Amino acid sequence: MRHGKYPFIVGFLAAPVLLYVVFVVSPYIQAFYISLTDWKGISANPQFVGLENYSRLWDDEVFWAAVRHHGVLLLVMPLVTIVIALFFSFLLNLGGGQKGGQMTGVWGSKVYRVIFFLPQVLAVAIVGLLFQTIYRADDTGVINGLLGKIGIDPVGWLIDPDIALLSIIGVMVWQAVGFYVVLFSAGMSTIPKDVFEAAALDGAGRFTLFFRITLPLLWDTMQVAWVYLGIAAFDAFALVQVLSVDRGGPDNSTTVLPLEIWRTAFSFSKFGYASAMGVALFFMTITFAALTLRVTRRERIEF
Amino acid sequence: MSNSAGTPGAITRRQMIRRIGLTALIAGPGAGLLSACATSGGEAPAATASAAPSSGGAVSAANPFGVAANAPLEVVIFKGGLGDSYATDVHEPLYKKAFPQATIKHVGTQQIAQTLQPRFAGGDVPDMIANSGTDLMDNAALQQEGQLLELTELWDAPSIDDPSKKVRDTVAPGTVESGLIDGKPYLMNYVFSAYGLWYDSALFEKNGWTPPKTFDEFKAFCEKAKAAGVVPFAYAGKNASYYAYWMILISAAKIEGNQFLLDVDNLVDGVWKRDSMKQSAAAWAEIGKFMDKSFEGEIHTGVQLKQNQGKVALYPSGSWLENEQKSQTPDTFKYALTPTPSVTAADKMPFEAIRAAAGEAYIVPAKGKNPKGGLEYLRIMLSKEGAKGFTEKSGNITVVTGAAEGLELSPGNASLSAAQTAAGQNIVTYSSFENWYKEFETELRKQTNALMFGRISADEFCDKMQKAADKTKADSSITKQNRTV
Numbered sequence: 001m002r003h004g005k006y007p008f009i010v011g012f013l014a015a016p017v018l019l020y021v022v023f024v025v026s027p028y029i030q031a032f033y034i035s036l037t038d039w040k041g042i043s044a045n046p047q048f049v050g051l052e053n054y055s056r057l058w059d060d061e062v063f064w065a066a067v068r069h070h071g072v073l074l075l076v077m078p079l080v081t082i083v084i085a086l087f088f089s090f091l092l093n094l095g096g097g098q099k100g101g102q103m104t105g106v107w108g109s110k111v112y113r114v115i116f117f118l119p120q121v122l123a124v125a126i127v128g129l130l131f132q133t134i135y136r137a138d139d140t141g142v143i144n145g146l147l148g149k150i151g152i153d154p155v156g157w158l159i160d161p162d163i164a165l166l167s168i169i170g171v172m173v174w175q176a177v178g179f180y181v182v183l184f185s186a187g188m189s190t191i192p193k194d195v196f197e198a199a200a201l202d203g204a205g206r207f208t209l210f211f212r213i214t215l216p217l218l219w220d221t222m223q224v225a226w227v228y229l230g231i232a233a234f235d236a237f238a239l240v241q242v243l244s245v246d247r248g249g250p251d252n253s254t255t256v257l258p259l260e261i262w263r264t265a266f267s268f269s270k271f272g273y274a275s276a277m278g279v280a281l282f283f284m285t286i287t288f289a290a291l292t293l294r295v296t297r298r299e300r301i302e303f
Numbered sequence: 001m002s003n004s005a006g007t008p009g010a011i012t013r014r015q016m017i018r019r020i021g022l023t024a025l026i027a028g029p030g031a032g033l034l035s036a037c038a039t040s041g042g043e044a045p046a047a048t049a050s051a052a053p054s055s056g057g058a059v060s061a062a063n064p065f066g067v068a069a070n071a072p073l074e075v076v077i078f079k080g081g082l083g084d085s086y087a088t089d090v091h092e093p094l095y096k097k098a099f100p101q102a103t104i105k106h107v108g109t110q111q112i113a114q115t116l117q118p119r120f121a122g123g124d125v126p127d128m129i130a131n132s133g134t135d136l137m138d139n140a141a142l143q144q145e146g147q148l149l150e151l152t153e154l155w156d157a158p159s160i161d162d163p164s165k166k167v168r169d170t171v172a173p174g175t176v177e178s179g180l181i182d183g184k185p186y187l188m189n190y191v192f193s194a195y196g197l198w199y200d201s202a203l204f205e206k207n208g209w210t211p212p213k214t215f216d217e218f219k220a221f222c223e224k225a226k227a228a229g230v231v232p233f234a235y236a237g238k239n240a241s242y243y244a245y246w247m248i249l250i251s252a253a254k255i256e257g258n259q260f261l262l263d264v265d266n267l268v269d270g271v272w273k274r275d276s277m278k279q280s281a282a283a284w285a286e287i288g289k290f291m292d293k294s295f296e297g298e299i300h301t302g303v304q305l306k307q308n309q310g311k312v313a314l315y316p317s318g319s320w321l322e323n324e325q326k327s328q329t330p331d332t333f334k335y336a337l338t339p340t341p342s343v344t345a346a347d348k349m350p351f352e353a354i355r356a357a358a359g360e361a362y363i364v365p366a367k368g369k370n371p372k373g374g375l376e377y378l379r380i381m382l383s384k385e386g387a388k389g390f391t392e393k394s395g396n397i398t399v400v401t402g403a404a405e406g407l408e409l410s411p412g413n414a415s416l417s418a419a420q421t422a423a424g425q426n427i428v429t430y431s432s433f434e435n436w437y438k439e440f441e442t443e444l445r446k447q448t449n450a451l452m453f454g455r456i457s458a459d460e461f462c463d464k465m466q467k468a469a470d471k472t473k474a475d476s477s478i479t480k481q482n483r484t485v
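Here the protein sequences come in this chain order: A and B. The first sequence maps to residues 1 to 303 in the UniProt record's numbering. The second sequence maps to residues 1 to 485 in the UniProt record's numbering.
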């Protein structure tokens, strides 16, 4: 290789790496340090308390409730989102069957594409406000109003501890599906047309096309989607904050770690303890991402 | 930030970074940036800044704190139910009149903690703060960190209206005491608030209802109101469950006397399992049954609007309610206050007893640039002119005695004034745990919703709250407070 290649690369990399170190890596390192102190977040004299904050986590029932909710989120949210998004993107891109040797989507698929993507461009706060009205627990709520018309009593979407978390997951799915429809559509467009053609010539129906051709060839994209959605499942802060009763209620039934971290730090002035929760969340997220990438590793198919 | 290397935090962090071999990367501009991080470097700018301007002014009768006439003043006001025009149109011009050379910076915000927490951590603090709202800063934590200026000097200063009197003698009894942290005055509680059940006297007259005096009457009233298609009692579970726990605590205090509230604040063993608490919780849980479940998902403005529309009869709140709802209230709606009903015939306090207390804390940061100016600003607020202007702008009565004389009172304030007269010496006092133990208070909000919306029984409520109180008491990371008055 030519002389001077490395100074060239370093020249390009230095600025972003520096920014990353200052604004991402250094706060992480600080969080690790702060989690070992009793810092109250107000003045600059934190006392070192060792692992006390971490031992507190063990008997903090709110913390464990939040961890359980992340478990539910992690199981339900990515799965539902991916299934719906796959179904829609298949319909949009391939569902119309063959026309003139080309795979096409169902009729009007261009319009649907815009509609599906729309929730993605709305700010979370707006989505929250929208769903406050949709989920309202008396008969003035959108869903309960419709249910009332067919004689069903109002459902406490956000106030019944048994279904509040699922209601919020519903909003997350609604918001995420559009993005993954676009992602999967892009993935499907990279699958060579002749594969479909050959399969169709052999008499494969839409069902077979989807499960035997599309799905296996889309594996890489789905893996990415799974990691993205999994990381989103560790967040959910904004929606829970806006939608839930008493921020995380009723009875802790919707609380998530970012919300507890925020509350512990900014309401209870326990920045040290909040940082310990943050460190715990950091390890959960990292473990999840590493596990997913490892478990779902498969051989790549080169076209 | 030049001295940040001297703080222990910075050294450890630097060593840590060196160990993982990042020194080379941060040696240049990074080092400066890193030292600006969260836990270091807070003290330096504040110390240098506060020394310079406030040393100027000479102490005189008109200027008891020795405020430098040209020192700028920054005022942060919580812009909630009270608005902030009382500051911009009344108190700030009054300060400007006293110190024409001073420039005043006004900040009106709904999010006190989000706005100010980083500024406290960074050492750049304003000179006076109206620390209120859902997102207020933890006063006890601020005091423990030495960020609050003790207000003894203010209370002992001569009053603006009558220099022969001390400021502490011009305010309602209990005002100074309500602002004690760790036995010393740090908070100036300015607004005189009364708490109870608010209703539309016009609606009650129309339906021939009278506010209930006992819980038996209360239940009978609930049946009547329900039959008339009105929700008898409601509060907003989503963000204002504390309105409901105020009522529960008031009832318990009426049964047992104010000692109960003292014991709750002091985390006395078993206080939540006393009979007075159990009776009160059980009585209120019965009323909760008449409330539609959907109210748990409502926010306070939603429920208050429903009351204005005649859909809710009794609403627990404080005397700021009328002003807060001013723009929503129809002309026919006449706010009135009724005390919480008596639980037993043997209650220590009569039905007429109301909870009245000084509320809305104003604080002066100790490490601001012009703390003397902050004190003087509070003294101006406590003058009759300042207090009267506040009542005119915000519709709320202040702790300054006699300041509202000659003002025409709204229906709500007139009713409040009548209730106060009827109560006489039977005043239910305040709770300090809301300022002292935020974590405990959060648990109380949670359990209040569970109780009032019927998910737990009164006994379970008492058990859970006792457990939370015990946990707070045992938590070494929470500094314990105590009050005897």
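Because the hints were derived from the structure by calculation, they are not lab data. All values reported here derive from a predicted model rather than from experimental measurement. For glycine and all other residues, C-beta sits at the position ideal for the given N, C-alpha and C. One or more hints might be untrue.
[What the hints assert, rightly or not] Incomplete in silico selection of chain A near chain B, CB under 7 angstroms:
| no. | residue |
| --- | --- |
| 1 | Lys149 |
| 2 | Ile152 |
| 3 | Gly156 |
| 4 | Val224 |
| 5 | Tyr228 |
| 6 | Asp246 |
| 7 | Pro250 |
| 8 | Phe266 |
| 9 | Ser267 |
| 10 | Ser269 |
[As the list claims (entries may be wrong)] With beta-carbon atoms standing in for the labels, derived distance ranges:
| no. | chain 1 | residue 1 | chain 2 | residue 2 | range |
| --- | --- | --- | --- | --- | --- |
| 11 | B | Lys273 | A | Phe283 | 48 to 54 angstroms |
| 12 | B | Pro411 | A | Ala125 | 45 to 51 angstroms |
| 13 | B | Gln111 | A | Asp153 | 57 to 63 angstroms |
| 14 | B | Glu223 | A | Leu51 | 56 to 62 angstroms |
**Message:** Hints numbered earlier in the text: which of these fail when held up against the supplied structure?
**Reply:** Numbers 1, 2, 4, 5, 11, 12, 13, in rising order.
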